[in-house]
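Turn these sequences into a full structure, and let the hints guide you.
Protein chains: 2
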Amino acid sequence: MMKSTLVIEIIGMIAGVCTTISFLPQVIKVIKTKSTEDISLWMFILMNTGIALWLTYGILLNALPIILANGITLVLSLTILWYKIKFSR
Amino acid sequence: MMKSTLVIEIIGMIAGVCTTISFLPQVIKVIKTKSTEDISLWMFILMNTGIALWLTYGILLNALPIILANGITLVLSLTILWYKIKFSR
Numbered sequence: 001m002m003k004s005t006l007v008i009e010i011i012g013m014i015a016g017v018c019t020t021i022s023f024l025p026q027v028i029k030v031i032k033t034k035s036t037e038d039i040s041l042w043m044f045i046l047m048n049t050g051i052a053l054w055l056t057y058g059i060l061l062n063a064l065p066i067i068l069a070n071g072i073t074l075v076l077s078l079t080i081l082w083y084k085i086k087f088s089r
Numbered sequence: 101m102m103k104s105t106l107v108i109e110i111i112g113m114i115a116g117v118c119t120t121i122s123f124l125p126q127v128i129k130v131i132k133t134k135s136t137e138d139i140s141l142w143m144f145i146l147m148n149t150g151i152a153l154w155l156t157y158g159i160l161l162n163a164l165p166i167i168l169a170n171g172i173t174l175v176l177s178l179t180i181l182w183y184k185i186k187f188s189r
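Here the protein sequences line up with chains A and B, keeping their order.
The first sequence begins at 1 in my numbering and counts up by one.
The second sequence begins at 101 in my numbering and counts up by one.
The hints are simulated quantities; they were obtained by calculation from the structure and are not laboratory data.
Errors might be hidden in some of the hints.
[Unchecked claim] Calculated lysine-lysine pairs in the DSS-like style (CA-CA distance at most 30 Å, straight line):
{"hint": "1", "chain 1": "B", "residue 1": "K132", "chain 2": "A", "residue 2": "K84"}
{"hint": "2", "chain 1": "B", "residue 1": "K132", "chain 2": "A", "residue 2": "K34"}
{"hint": "3", "chain 1": "A", "residue 1": "K84", "chain 2": "A", "residue 2": "K34"}
{"hint": "4", "chain 1": "A", "residue 1": "K34", "chain 2": "B", "residue 2": "K134"}
{"hint": "5", "chain 1": "A", "residue 1": "K32", "chain 2": "B", "residue 2": "K186"}
{"hint": "6", "chain 1": "B", "residue 1": "K134", "chain 2": "A", "residue 2": "K32"}
{"hint": "7", "chain 1": "B", "residue 1": "K132", "chain 2": "B", "residue 2": "K184"}
{"hint": "8", "chain 1": "A", "residue 1": "K32", "chain 2": "B", "residue 2": "K184"}
{"hint": "9", "chain 1": "A", "residue 1": "K32", "chain 2": "A", "residue 2": "K86"}
{"hint": "10", "chain 1": "B", "residue 1": "K186", "chain 2": "B", "residue 2": "K132"}
{"hint": "11", "chain 1": "B", "residue 1": "K132", "chain 2": "A", "residue 2": "K32"}
All of these numbers come straight from a predicted model, not from anything done at the bench.
Listed below in structure tokens is the structure:
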């Protein structure tokens, strides 16, 4: 029982690392190219709203993988949104 | 106790709807413009891997918001990855 809980936690942690890290190459690309034309503004408005709510959900459930993953993801995703708005002017 | 569990489930559901729906404007944009230059390939490789693992995590925890959100998100995110690879040639 304890072992299977640990396995689930580890899968959640790896999932969180992947989806969190996934925003990093996009952040780097946007900073490098200063081009955000193909990126959807609405994707990142909705994404940031959703991630903020996932963070709330994780805090209320006291689920560490959800809290860690979404906390960091929110910072990265807000960065992309900021560049999208900045370079769209 | 039952009431607070319901509130947490509802927050999770809204979070899932936001992050899931967020991929839709990007899918529509990519189909319309056929341009994916500013989109990071590595973002969507890592994103799809991560979402598949979140889906596994949700199934193992029997957490409906996580299962629903990540199941649909995986389809949308795979669509963006497919177009990114297709239009990059």
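Pair hint outcome, B/K132 versus B/K184 [Cα-Cα no greater than 30 Å]:
13 Å, holds
Restraint status (C-alpha distance of B/K132 to A/K34 at most 30 Å)
22 Å, holds
Verify the proposed pairing of B/K186 with B/K132, using a straight-line Cα cut of 30 Å.
Cα-Cα ~14 Å, so holds.
Measure nothing beyond the straight line between the CA atoms of B/K132 and A/K84; if it is 30 Å or shorter, mark the hint as holding.
OK: B/K132 and A/K84 at ~19 Å, within 30 Å.
Pair hint outcome, A/K34 versus B/K134 [Cα-Cα no greater than 30 Å]
20 Å, holds
Take a quick look at whether B/K134 and A/K32 sit within 30 Å of each other, Cα to Cα.
22 Å, holds
For the pair supplied as a hint, B/K132 and A/K32, is the alpha-carbon distance within the 30 Å limit?
Holds. B/K132 to A/K32 sits at ~25 Å (cutoff 30 Å).
Given the hinted pair A/K84 and A/K34, is their alpha-carbon gap at most 30 Å?
9 Å, holds
For the pair supplied as a hint, A/K32 and A/K86, is the alpha-carbon distance within the 30 Å limit?
14 Å, holds
Given pair status - B/K186, A/K32, alpha carbons within 30 Å:
23 Å, holds
Holds or violated: A/K32 to B/K184, with C-alpha atoms at most 30 Å apart
Between A/K32 and B/K184 the Cα gap is close to 19 Å, so the pair holds against 30 Å.
The structure agrees with every numbered hint stated previously.
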